[in-house]
Amino acid sequence: MAEQVVANNTAAQVGQQTGENVRPFGMADRIGYMLGDLGNDLFFGLVSGYLMLFYTDVLGIAAGSIGTLLIVARIWDAVNDPMIGTFIDRRGGRISRLGGKFRPYLLYAALPVTIMGFLTFTSFPGLSEGLKLPYAYVTYILFGMAYTFINIPYGSLASVMTADPVERTSLSTFRTVGALVANIVIMAVVPALVFQNGVPTASGFMIAAGLFVILSNLCYFGAFKLTRERIQHKHVEKPKQNLGQTIKTLGKNRPLVGLMIASFGMLASMMAVSALTPYLYKDYFQAPELITIGGVVGLLSSFIILPFIGKLVSKFGKKELAAGTMIIAIVGNAALFLMPIKNPYVFMAVNFVASIGLGFFNVLIWALVADAIDYQEYITGNREEGIVYASYSLVRKLGQAVAGGIGGFALTFIGYQAGQAVQTAEVALGIKNVITALPLISTLISFVAMVFIYNLSKDRLAKMTAELEERRAK
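Everything in the sequence shown is counted per my numbering, starting at 767 for the first residue and increasing by one.
Worth flagging that the hints you see were computed from the coordinates, not collected in a lab.
A portion of the hints provided could be inaccurate.
Once the Cα atoms are required to be at most 20 angstroms apart in a straight line, the calculated EDC-like pairs of lysine to aspartate or glutamate come out as [said to hold, decoys possible]:
#1 991 with 933
#2 1163 with 1235
#3 1077 with 933
#4 1081 with 1236
#5 1229 with 933
#6 1081 with 1192
#7 1108 with 1192
#8 1077 with 1225
#9 1224 with 1236
#10 1224 with 1235
#11 1018 with 1233
#12 1077 with 930
#13 1048 with 1236
#14 1081 with 933
#15 1229 with 1192
#16 1224 with 933
#17 1224 with 1086
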């Protein structure tokens, strides 16, 4: 028999079941939630930014073989993520003595994910050429599985920490801060450890990965200690619903479908642009010394908007703010694509404005996912945080996989000559067009998805939240 959950929201009742005093939502929860994403993104960022380099320059694996590995890993994710999400949902019917349905995974999965992350970046002396690729397959896929076991519960945690829309927005904001801090640490620390005389080294990767094992575990423990689950559930027996039936109901979840479409295009575009940015400054602007500054521009825009998110959400609503500010990104990206900008600083300035418009969506996305989890309960009567978040996470991973191919295909299409010190003017212009067209297309798609598919306006969200509270009280 599957479990239907009925909410039990009072702090006293939660405390009786978990054996701890559940305090009101506050700054400790925000900081704890930030630490969770900081712990996640240290290794996620290391994998995203440096795994290809480690495989090619340290292990000596051919680039084509790495591409196949990434595709196989994403195919496995399509099977693995929903299974893990369903497992977490079905195991979460009883309140854990460690403090809820999702918090315990911050302890359970912390060591497995960080150890597998360390092994993923380890080159054992004497490892034969024939074993290097199988070793990469095993360690990378196991790292991905371990990461799913901690990321799905962590992402789902926000939906049970609070039901208040503004408080959920603050969690999403602090999660973004955690990701930004992780990226800053990676940009500042990893190159200094990995490179010796401009050459990546096996020992440097091991030191960087070892450091992140320590830092990530400290972050996960801090997240576990500082966060609290306040929306807890008790059992009501219900006829069993299999995974296939559950997945069908996800298609009726319009907020989730809207977020999937918006995030897929947005993430694929952002990661492809990130991969092509060095080519833009090197070949189009002929100013390779500006590559780092150009990459930092997007991070700065996110920091600037963070203090205003809460008040703007309280006034306008999450959907309204995310969709409305996306117009800024559309206009900015259109200007970048249409204008023959030759000055890199002018390009950075316009890109900074466009990044501000996109930044609101990127900050709010995790609060919007929490609302989509509530909507799934609203339309089905089942509390299925794990499978909803896993489905959204899978789409993000597919976006990353697509991004990995877009950059290479685009360079090939425009005639980029690898190893050639200077590219032709036509190729340089092609790079500029690609790197500005992708964000324009993705923001247009995301805007349409948020306006016409995502259906939780400020008023509708308030009504849904009130009705769910009434149901849970029965």
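Hint by hint, here is what the structure shows:
1. 991 with 933: With a Cα-Cα distance of about 19 angstroms, the restraint between residue 991 and residue 933 holds, given a limit of 20 angstroms.
2. 1163 with 1235: Violated, at roughly 33 angstroms.
3. 1077 with 933: 11 angstroms, holds
4. 1081 with 1236: Judged against 20 angstroms, a Cα distance of about 25 angstroms means the pair is violated.
5. 1229 with 933: 17 angstroms, holds
6. 1081 with 1192: 48 angstroms, violated
7. 1108 with 1192: 14 angstroms, holds
8. 1077 with 1225: 16 angstroms, holds
9. 1224 with 1236: Answer holds: residue 1224 to residue 1236 is near 19 angstroms, not above 20 angstroms.
10. 1224 with 1235: Cα-Cα ~17 angstroms, so holds.
11. 1018 with 1233: 19 angstroms, holds
12. 1077 with 930: Since the Cα atoms of residue 1077 and residue 930 sit roughly 14 angstroms apart, the hinted pair holds (cutoff 20 angstroms).
13. 1048 with 1236: 59 angstroms, violated
14. 1081 with 933: 14 angstroms, holds
15. 1229 with 1192: 55 angstroms, violated
16. 1224 with 933: 14 angstroms, holds
17. 1224 with 1086: 7 angstroms, holds
Of the numbered hints listed earlier, those contradicted by the structure are 2, 4, 6, 13 and 15.
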